[in-house]
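A.B. asks: Please arrange chains U and C on chain P, whose structure you already have, making use of the hints.
Protein chains in written order, with numbering that gives the first Met the number 0: chain P, 0 to 296; chain U, 0 to 135; chain C, 0 to 235.
Bear in mind the hints are in silico, worked out from the structure with no lab data behind them. Idealized CB from N, CA, C, for every residue including glycine. Any given hint could turn out to be false.
Looking from chain P toward chain C, a few residues come up when the C-beta cut is under 8 Å (computed) [said to hold, decoys possible]: (1) L52; (2) A86; (3) N88; (4) L91; (5) Y94.
Simulated pairs of lysine-lysine, DSS-like, Cα-Cα distance not exceeding 30 Å [unchecked claim]: (6) K30/P to K115/U; (7) K132/P to K73/P; (8) K118/P to K132/P; (9) K132/P to K30/P; (10) K118/P to K5/U; (11) K115/U to K56/U; (12) K115/U to K247/P; (13) K5/U to K56/U; (14) K80/U to K56/U; (15) K30/P to K56/U; (16) K5/U to K115/U; (17) K73/P to K130/P.
Using C-beta positions, here's what the derived DEER-type ranges look like [to be verified]: (18) S121/P to Y160/C: 54 to 64 Å; (19) T58/P to G158/C: 25 to 35 Å; (20) C210/P to R233/C: 50 to 60 Å; (21) H91/C to C210/P: 29 to 39 Å; (22) D197/C to N71/P: 51 to 61 Å; (23) D182/P to L213/C: 50 to 60 Å; (24) V276/P to D89/U: 27 to 37 Å; (25) R249/P to D89/U: 40 to 50 Å; (26) R233/C to D68/U: 36 to 46 Å.
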Amino acid sequence: MTNPPVILTRDLTKSYGAATAVRALNLSVQKNRITAFLGQNGAGKSTTIKMLLGMVRPTCGDADVLGKRISNAKENCELRRRVAHVAENEPLYSYMTVEQTIAFASSFYPDWQPDHAGKLLSQYRLLPRQKVKTLSKGMRTKLALLLAFARRPDLLILDEPSEGLDPVGIEDLLQTLVAKAADGASIFFSSHQIAEVERIADQVCILHHGCLLMNASLDQLRQSYRRINLSFASAPAQQDLRITGVEKIRTEGRRISIFASQNADAVIARARDLNAVSVDVAPVALREIFLETVREN
Amino acid sequence: MGLFFKLNPTTGQPLYLQLMQQIRHAAETGALRDGDQLPGIRTLAEELVVSPNTIVKAYSELQHEGLLDLRHGSGAFVCVKRRTRSMADDVQFARRRLRDLLDDLRDNGLTDEEIKRAFEAELLYPAPSTQLTRKR
Amino acid sequence: MLWYKSWLETRSRFFTCLAVLVVFSALFIHHAQGFLHPEWKTEFNRLLFIAHEYVVVLWILSVVLLGMGGLRRENAAGTSSLTLSLPVGRAHLLAVRFAVGVLEAITLGVVPWMTIFVVADLGGMPVQFPQIVFYASLLVGGGLAYFALAILVSSLVEGEYTAPAVAFGPLFLATIIFDTWLRRFDLWRLVTASFFVDRTTYLLSGPFPWLAILASLCVAALMLLASVRIVQSRDF
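Chain P on its own, in the form it takes in the complex (with noise of 0.2 Å):
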């Protein structure tokens, strides 16, 4: 890998006294690539986020963006200039309204650009005058992604970017950031919409109580997942069928059910052996390998 990481964390961590939010994570996001942040809600993804923001000041550990250290203020700063940052609920100020807030956005960043502002104005059907705090949620998102989609950042960092936004807009918003990727920007986002991330990611990260328990290129996820139902005269012992892979086996009567992250083939030759009578194979979509992933640990 010739070009180094957006994001490289070593061994990055928070607690707040006995609880810990983020446990010793090392967690690498490539340049160019949308990589997705999965995780349920308190998984710590916010916490990650904010961490590498300079907001919340690590416990342990420490973490480069765009080459910068996070736990030195003056360069945390400096990213932050190259850093286009989109926070859960879009913070905006209540007091000001849509072009108050825009002309307040712009005067931080060199990289802001005046004309395709304009453009999702009116794209997006915002009103200069309005005042922010009688805007919708709707629009509310839309006006907390235009700030960031102004500009032509290095990194994007999004966190539930899609929360409050109908369908076309989630549709604009995927499409936006397939463009801004597309321009040579690196994207981290994290979402609850798996559907979303399926279609637009590169990479996935999922985090799971404060712990980093994959991060897979999507493409290998599909290659590699299967769903493998099997029937049988007479059904095996699983431990027979539990190779490496395997990530869990159900036996219903003779009827016996594998999900598998790798090895698929494997488990088929291996249930050949044992006289499979019907062997049937499914990818599985990442909802699933989601669901799976997590309940599992």
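C.D. replies: Leaving out everything else, chains U and C in the frame of chain P:
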């Protein structure tokens, strides 16, 4: 052009492979001819709403195979050689055989989903008996 | 644009306090006419001294309110993620908020006294401009420590109503303690000009207490520094 490509994220096949297959198919059936220009990476990515890396991978693999010619700055151009054109006939013939087989299987009461899964299972993990007949 | 943001945040508080101070000052002086003896001078000067006490109370209330807000408040309101994403250091954020507040505090000290001067002058009262300057300077120079205290409290307490309540607590306590045991260092007596008023003429006399004002400003600076350290160390 992008309207004719449809990528399905849940079929268990990487999206770039699906795109490659669909481009190859278009070239084989004549929908794409020699010299046609495919959409740029950004355009196609936006239209299909997939990561640009998918398009990049597909285009570069196809360039490796010789089907596409990526000219820096201008775009991706199709190179259909003679060999591919005769392959188009083979594919036409195969499609007709498949149509007959599908009709038979449907008459036997199998649903399209079952047929598809059986097909995938055979293609990806062929049973030993068929492996023997493969050797020509 | 940080200055603009701080201005937008404090604008309505500022204008309300300014209106109250100006109206109060004008009315107080204007209505005094009816209460005074023909023997103008001493009574008038005493009137100014009393007016100043009221102005000081109102001014301190105002600057404590102006000092509220900041990152802790934003955290409770949910906007700290936006402010802290900006490529601006936390010390810088606090410094701008402080600077805007100081400008507003100065205005809140100067304008009411200008009003008093104008109303008194128009009413034919024997007002002396140097006296006005003395009062206003004591107020603003000495009083900024109160504003700094408000900033410090706002960096520790996040409730919209609990923060000002907490700010007033130490304020009253300090006033009582200093008044009882540390009279020489009592900021209240400095700001209300108690140290400098001649009890017969009720004129402020003596050299301007530069050292005392400087000391008060140093205390203000220390409190500001403490606020910066607190804000820098906190998780948001």
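A.B. asks: Next, verify each hint and record whether it holds.
C.D. replies: Against the structure, the hints:
no.	hint	in the structure
1	L52	6 Å, holds
2	A86	4 Å, holds
3	N88	6 Å, holds
4	L91	7 Å, holds
5	Y94	6 Å, holds
6	K30/P to K115/U	37 Å, violated
7	K132/P to K73/P	33 Å, violated
8	K118/P to K132/P	23 Å, holds
9	K132/P to K30/P	37 Å, violated
10	K118/P to K5/U	29 Å, holds
11	K115/U to K56/U	26 Å, holds
12	K115/U to K247/P	25 Å, holds
13	K5/U to K56/U	16 Å, holds
14	K80/U to K56/U	22 Å, holds
15	K30/P to K56/U	15 Å, holds
16	K5/U to K115/U	17 Å, holds
17	K73/P to K130/P	34 Å, violated
18	S121/P to Y160/C: 54 to 64 Å	41 Å, violated
19	T58/P to G158/C: 25 to 35 Å	27 Å, holds
20	C210/P to R233/C: 50 to 60 Å	26 Å, violated
21	H91/C to C210/P: 29 to 39 Å	36 Å, holds
22	D197/C to N71/P: 51 to 61 Å	58 Å, holds
23	D182/P to L213/C: 50 to 60 Å	55 Å, holds
24	V276/P to D89/U: 27 to 37 Å	35 Å, holds
25	R249/P to D89/U: 40 to 50 Å	43 Å, holds
26	R233/C to D68/U: 36 to 46 Å	58 Å, violated
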